[in-house]
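Chains U and D, in that order, are what the protein sequence lines are. Note that the first sequence covers residues 1 to 348 in our numbering. Note that the second sequence covers residues 1 to 348 in our numbering.
Don't take each hint at face value.
Given that identical chains are not distinguished, each listed pair holds provided it fits within a single copy or across any two copies.
[To be verified] Calculated lysine to aspartate or glutamate pairs in the EDC-like style (CA-CA distance at most 16 angstroms, straight line):
hint: 1; residue 1: Lys57; residue 2: Glu73
hint: 2; residue 1: Lys26; residue 2: Glu61
hint: 3; residue 1: Lys57; residue 2: Glu127
hint: 4; residue 1: Lys269; residue 2: Glu282
hint: 5; residue 1: Lys153; residue 2: Glu127
hint: 6; residue 1: Lys347; residue 2: Glu166
hint: 7; residue 1: Lys153; residue 2: Glu221
hint: 8; residue 1: Lys347; residue 2: Asp164
hint: 9; residue 1: Lys269; residue 2: Asp318
hint: 10; residue 1: Lys2; residue 2: Glu176
hint: 11; residue 1: Lys57; residue 2: Glu67
hint: 12; residue 1: Lys347; residue 2: Glu249
hint: 13; residue 1: Lys43; residue 2: Glu61
For the record, the hints were derived by calculation from the structure and aren't laboratory data.
There are 2 protein chains.
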Amino acid sequence: MKIITVIGAGQMASALSFPAIENGNKVRLVGTPLDRSVIDSVKTIGFHPTLKRQLPKTGIECYQIEEVNKALEGADVVICGVSSFGVDWFAENILPIIPENIPILSITKGMIDLEDGSMITYPQYFESKLPANKKLSINAIGGPCTSYELADKDHSVVAFCGHDIEILRMLKSLFESPYYHISLSTDVVGVECAVALKNAYALGVSLAIGLAIGPDGLGHEHYNSQAGLFGQSVKEMKHLLEIVGGGDENIILSAGDLYVTVFGGRTRKVGTLLGQGFSIEESIKRLEGVTLESIVIATRTARGVRALAKRGVVKLSDFPLLIHVDNIINAGATAVDIPWSSFESEKI
Amino acid sequence: MKIITVIGAGQMASALSFPAIENGNKVRLVGTPLDRSVIDSVKTIGFHPTLKRQLPKTGIECYQIEEVNKALEGADVVICGVSSFGVDWFAENILPIIPENIPILSITKGMIDLEDGSMITYPQYFESKLPANKKLSINAIGGPCTSYELADKDHSVVAFCGHDIEILRMLKSLFESPYYHISLSTDVVGVECAVALKNAYALGVSLAIGLAIGPDGLGHEHYNSQAGLFGQSVKEMKHLLEIVGGGDENIILSAGDLYVTVFGGRTRKVGTLLGQGFSIEESIKRLEGVTLESIVIATRTARGVRALAKRGVVKLSDFPLLIHVDNIINAGATAVDIPWSSFESEKI
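Just chain U, with the same shape it has in the complex (with noise of 0.2 angstroms):
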């Protein structure tokens, strides 16, 4: 039995309390200050409002931000549940109260682009801004895993990604169960590439959703289409791998998760009423409350891959769908101007 203390009660956060009290462990709830009512509602009937789900009858146990401490106290794992909006509350509030000997494991997902373009994951955020002489174990969850279904016990399968094989096997072991089934990488840039650059493409790819139902949303799905998109995000993400230097294997990783996003994720409906014609500020406005990583992500990363055009290291020619995706959301370039041309290639 270990004590798992989860920061940030999003719904893939407290999703992962199945997994981890169906293995003996006790987990602690904590929400951010943006989780007042998430806590009440799961401390007074159990009931996750966002997730939709009753979370397991016994083993958890619910903190409100000010209690942290003692959440922290005697604690074996820190989950770090905060979306890619939380991180920076979470290295100035939290990071520095963790003590060292207890490893994280974080469930965002996402990359950061610095100035000079070139991309760094939320870990190694994470790392850059421990407080001096401070180290921690910094870990991260990545792959194809929607929360729903995970707290649905369907089978899903993930990838847990650190420096260290052993701490990697340990945070494995708390959370391994018949239906959530878990790789080990060392390699963090190539995991967390994967899995951030998925959000970006799987709103290229529901841009065909889109086109195809038209803006009545009368119209068919098309799937000759969505397939071509997805094999250029399939191609385009492939080459980002490279650059950030994330091992090639990762693809797998990123098509299984730009899968389940175009299916079961959020990003779809972003996508889908951008390529419907409406513009990027009326779509936002239809999607009220729901999170948008998909348009962070993709924004950080075309202003990365431009910063590396810019000196030399990529040619933009070679991303023809992520700038189209960045025109549609920063540049009022309408959807249907898919560069569909630029797809295509020779290999003699």
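Let chain U serve as the given structure and place chain D on it in line with the hints.
Just chain D now, kept in the frame of chain U:
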């Protein structure tokens, strides 16, 4: 204007008449002995009964098989439009009568396993069947494209492959259109292997659909499990591409083609029925009349991999999904026993 003689009036071959005729070419559609009623229908009312579309009103001439020599007279290109079940008929009856100066473009996807476990493409197979001293330029089409959507002029991104880039460029000029986008590759083995494999793996991914909706078909689809199988498929296809010596970039085609086959193809129906718990015999019975190439390809690929494993060239444990699919089809295994934990890996 070129004359394109299409032999085999199946759905995909017939759908190609749309971009071909839009580019100002003439199409001569020749039915195989199995296509008599198709040819009669197109000839009299212009309607293709299995594609379920009106073919272009002008530019198509129809021929029954007895008129094949007339249809070949003055032709610039021959399309081989038979399914994998028709390749031997095509090799025996048509290859010998095609003049050497006319290039062939084949739409048949698939690989054939030889006794030693090595797999060859249909272009290679056709070349091996040519009469002594006869030479033909045999090219092929790969990539994600369903015939219905091509006929509806939805955007599709495909690849033409062959040994001679100049011939490929000429072929591209006949079919390239605002909705039919064509990459070219001289890596015939890579392209053909990539697109053949996806049939077997689309069956594997679809198992998760059947498992989720259940025997009565009333359950909801889950995407985590589909994505887990999709990622594993990409992993195994990538490895198989290495084995046959195909370029690694062809995984882009495999992934895109896998995507469209899971969503728009017939293979989905087979995998779903098997996933629902029906035996292979019962599943085939329920799909009466539907081409079941995926079953043939999965069986062949697995047979090839098993032969290679016997020779020590590969490890069978690297292909747990393919072997599971093969065991369901050929050894009475049940779909529910998906070897999830064997998909896990450790990368240090």
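Query raised in the report: Which of the listed hints are broken here?
Result: Per hint list: 1, 3, 5, 9, 11 violated.
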